[in-house]
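Residue numbers (our numbering), protein chains in the order written: chain A, 70 to 392; chain B, -18 to 149.
FYI, nobody ran anything at the bench for these hints, they're computed from the structure. All values reported here derive from a predicted model rather than from experimental measurement. Each hint should be verified, as a subset may be incorrect.
Stated by the list, open to error - Computed list of lysine to any residue pairs in SDA-like fashion (alpha-carbon distance at most 20 Å, straight line): (1) A:K249 x B:Y143; (2) B:K47 x B:G36; (3) A:K249 x B:P79; (4) B:K99 x A:E281; (5) B:K47 x A:F280; (6) A:K282 x B:A38; (7) A:K282 x B:P105; (8) A:K282 x B:A44.
To be verified - What the simulated footprint calls covered on chain B by chain A, stretch by stretch (three residues with Cβ under 8 Å from a Cβ of chain A suffice, anywhere in the stretch; the number is not a length): (9) 5 to 16; (10) 27 to 36; (11) 45 to 58; (12) 121 to 131; (13) 135 to 142.
Claimed, not checked - Quick look at which bits of chain A chain B covers, simulated, 3 or more residues with Cβ under 8 Å: (14) 256 to 265; (15) 271 to 283; (16) 290 to 304; (17) 372 to 379; (18) 382 to 390.
Ideal Cβ positions, reconstructed from N, Cα and C, are used throughout, including at glycine.
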Amino acid sequence: MNLAHLHLLLNHFPIIGTIVALGLFIGSFIGKNDDLKRSSLIIFVAMALISLPAFFSGIGAQRAIRKDPGVSAALMDRHEGAAMLAVFLMLITGALALIELWNRRRIAREKLWSGNLLAILLFSLVTTGVMARVGTTGGDIRHPEIWDVKDVTQETGISAFVHMFEPTPSKFTDLMLVSKYWWAFMMDLHFIGLALLIGTVGILNLRVLGFEKRLTGASLHRLMPWAMAGFGINVLTGTLAFIGMPSYYAFDVAFWLKILAVLLLGVNVAIFYLTDAFESVERLGPGDDAPRFAKLIAGSSLFLWFAVITLGRYIQSYADTLR
Amino acid sequence: MVPPTFLRAIEDSGFSTWLRESESPFAFYFVLLFHTFGLALLVGANTVLDLRILGVAREIPLAPLKRLFGIMWLGFAINAVTGVLLIIAYPTKALTNPVFYMKLTCIAFALWIVTMLKDRVFAPNLDEATMMKRGVTLAKWSLVLWIGAISAGRLLAYTYKYLTYPCQ
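Okay, chain A solo, but in the shape it has when bound:
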């Protein structure tokens, strides 16, 4: 398997997943079904996470076919610009869905409507539409049989409208590299996010593992919005850094292992909240020992976060290890 293969494997998930999640989300209002709503929110978050490796692997697919005489650089650029817009919209949708999931844990009686739900509906509608364009423009690169006009770079109607909001990939890259101080600032935020995330997640995990049993599980769990904020800062600054130096990161084995570890952390968090591990941690009173299953999740979370730091630190020395 290479990056082109990975791109073709992953790129369908955010496109189809957002359609499915949007359908479930709308259905949950019609059927007044709360479980359905929760499922749709979980899928939005999962799709936001998967859209990252789908986006990051695109440059590998580009490198694999760019010398092919039948392939147009303009079409690849258009696809990449569409993907950049879609990724950021997808990340916003995923972040809003995550906030909603967090709030639903606490509010006993669910309101049918709220500003956040409306925002999720709007952003997921736009994301789904833009994702469809990412798929179409991606298909145009290698499938002339779907071209409905002779010159597919010619934009009309709604595509022309959406295209106005799509960045030009090379200009976006140049913008990230415009000053070493801007780059240092992004990296700075990335490290501040790291400290915030590791501090808050770390103390909850340590308590579950038996550190300082006077602390209760439920009270430490109140720190998780700050962990989410740290994670949000780092996803944003990490994605912007990738756009600044795509080929530096995309052909680096440490980078991909880091992304894999982040995705595994997504699975870890999902297992925590969707099993009785969460309830058992919420019930941890002073002096209580956590069940073994909760300890297993907390231990693997700590291990994976330190793996993320380790792999991130080794990116520089493994640049160009993949092709």
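Assemble chain B onto chain A, guided by the hints.
Coordinates of chain B only, in the frame set by chain A:
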């Protein structure tokens, strides 16, 4: 102005050269990795403490958080050692950059605040309201200084005048 020659003497030593030039994953990047681990432990734990003192997650009882000081000192110990190793690897790069001294200043004040938090806020037999009242200003400055230290550390990677001792 020519940098002082003792910088070159450090750089020419076998250990410094090995740290800087070895392709082994256990040389420079290993030191840098543990410097980041130390940051995560020290600043991560201190941030949780500061946020709690400032009123975040009030359900967390304050007194047991005293255990975080152990994690913070462990992080500091790691970073003192790895910090010295990083200076041995690139003495000219660090010591000729004013940002380096700003970083050390921030760290010194931040650590001073750590000791004050421990002695004044986590003094025995204080109720939570008193602890929070005593800690508010310290916690705010602690966050500011750690952000300053991390920012200076990041700038060090991009603003140096010399990477190694300049050739004459």
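* Provide an ascending list of the numbers of those earlier hints which the structure does not satisfy. => Violated: none.
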